[in-house]
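Work out the full structure, taking the sequences as your base and the hints as a guide.
Chains as they are written, first to last, in my numbering: chain A, 1 to 195; chain B, 1001 to 1195.
Heads up, a few of these hints could be off.
Claimed, not checked - Partner residues aside, some chain B positions facing chain A, computed with beta carbon under 7 angstroms:
| # | residue |
| --- | --- |
| 1 | G1018 |
| 2 | L1035 |
| 3 | G1037 |
| 4 | R1038 |
| 5 | M1049 |
| 6 | E1124 |
| 7 | R1142 |
| 8 | F1158 |
| 9 | S1162 |
As the list claims (entries may be wrong) - Just so you have them, the derived chain B footprint on chain A, three or more residues with Cβ under 8 angstroms:
| # | stretch |
| --- | --- |
| 10 | 49–58 |
| 11 | 142–149 |
| 12 | 154–163 |
To be clear, the hints were calculated from the coordinates, so they are not data collected in a lab.
On a predicted model such as this, the values are computed, not experimentally measured, just so you know.
Every residue gets a Cβ at the ideal spot worked out from N, C-alpha and C, and that includes glycine.
2 protein chains.
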Amino acid sequence: MAEHRRVEMAEALALGPGWRHACHVLLYAPDPRMLFGRIPQRYAVLMQMRFDGRLGFPGGFVDAQDASLEDGLNRELREELGEAASAFRVERADYRSSHAAGRPRVVAHFYAKGLTLEQLEAVEAGAPRAKDHGLEVLGLVRVPLYALRDGVGGLPAFLENSFIGAAREQLLEALQDLGLVAPDLLSSLKTPAGH
Amino acid sequence: MAEHRRVEMAEALALGPGWRHACHVLLYAPDPRMLFGRIPQRYAVLMQMRFDGRLGFPGGFVDAQDASLEDGLNRELREELGEAASAFRVERADYRSSHAAGRPRVVAHFYAKGLTLEQLEAVEAGAPRAKDHGLEVLGLVRVPLYALRDGVGGLPAFLENSFIGAAREQLLEALQDLGLVAPDLLSSLKTPAGH
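Structure representation (structure tokens):
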């Protein structure tokens, strides 16, 4: 999934049977706390460490038995996150974008779902007891949405980790479009200094 | 902490008052499960995503009030991991190595502690309720100790993430010295192909 291009949902749904569909979701909730008493956390945004050592979003492949993309996504969420994922349902209204990759033929649909902080904390608390924990999922992590004084620690350093497929682009798009980070932090990321 | 050199514990303890001491621990437990029904997990090994977007081990700075390095480490573990960390105590016998860095002057002491899988799972289950969760600690992750068929996914890809200070070296040393991964996987990592 190193090479991927953005496609519209209609185009994605018209792809032939040789294509597999995957759905992933960014779960987020407002977080009023301050790091070190002075850095606003703004939101809690969840990603997960995957079995392959890379960061990605909860979700997975849609099966032929799933009645819809969203049915497949919500089924995967219960397997990966446990019962707390039954307290909400990711719907087509939460859909954001699709990316297609050629080898193997996978089209990845991306969603973002706003939760209450209590719902998100229940997901974190229950995830270690989920079916896939310690196997396909190695742990949930929150995304730092700030930059520390050195300008690197926080979101910039986080983005230097290993990501699966389009996950890094999906994260940045969602942070911008949903207004989850300060605009000046995002614009500073677009002109990388150290690369 | 980009530049760091290995020092003996006695040398580290003789460093002047301008040096701060930090202690971190690798917690591990045997895990008999198989990923995808065929890849042995071998052990569950814990690291954490830190507030600065980098992976590291649980632990932190030793305070003047701490009676010993290990007292400081165990206090930090309760703050970062919650009450489940009270079920065990990391001792001097679990000490493995020290690394010193110049700017700022920090000497980082590293420990490894074997737990039962039940103790480690209790740490994972309780960590989201710990004092530092969502602030200094963004989540616990297990380290994949295998390589997938492509030779990259798993431990090799995990090692491409961002690590704080000496954490990556500490991880590799402990995996080798404690025999937590297959020897042929470690030797393949020492001759990187893609770099």
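Structure-based check of all given hints:
1. With a least beta-carbon distance of about 21 angstroms to chain A, the hint placing G1018/B at the interface is violated under the 7 angstroms criterion.
2. At its closest, the beta carbon of L1035/B sits 5 angstroms from a beta carbon of chain A; the interface hint therefore holds under the 7 angstroms criterion.
3. Because the beta carbon of G1037/B sits about 10 angstroms from the nearest beta carbon in chain A, more than 7 angstroms, this interface hint is broken.
4. Because the beta carbon of R1038/B sits about 12 angstroms from the nearest beta carbon in chain A, more than 7 angstroms, this interface hint is broken.
5. Checking M1049/B against chain A: minimum C-beta separation of about 4 angstroms stays under 7 angstroms; hint holds.
6. Using the Cβ-Cβ criterion of 7 angstroms, the hint placing E1124/B at the interface with chain A is satisfied: the shortest such distance is roughly 4 angstroms.
7. Nearest Cβ of chain A to the Cβ of R1142/B: about 4 angstroms, under the 7 angstroms cut. The hint holds.
8. Proximity of F1158/B to chain A holds as hinted, the smallest CB-CB distance being about 3 angstroms (cut-off 7 angstroms).
9. At its closest, the beta carbon of S1162/B sits 5 angstroms from a beta carbon of chain A; the interface hint therefore holds under the 7 angstroms criterion.
10. Residue count for the stretch 49–58 of chain A with a Cβ under 8 angstroms from a Cβ of chain B: 6. That meets the three needed, and the coverage hint holds.
11. Under a criterion of three residues with beta carbons nearer than 8 angstroms to beta carbons of chain B, the stated coverage of the stretch 142–149 of chain A is upheld, 4 such residues being counted.
12. Only when three residues or more bring their CB closer than 8 angstroms to a CB of chain B does the claim for the stretch 154–163 of chain A stand; here the count is 9, and the claim holds.
Consistency with the previously given hints fails for numbers 1, 3 and 4, ordered from lowest to highest.
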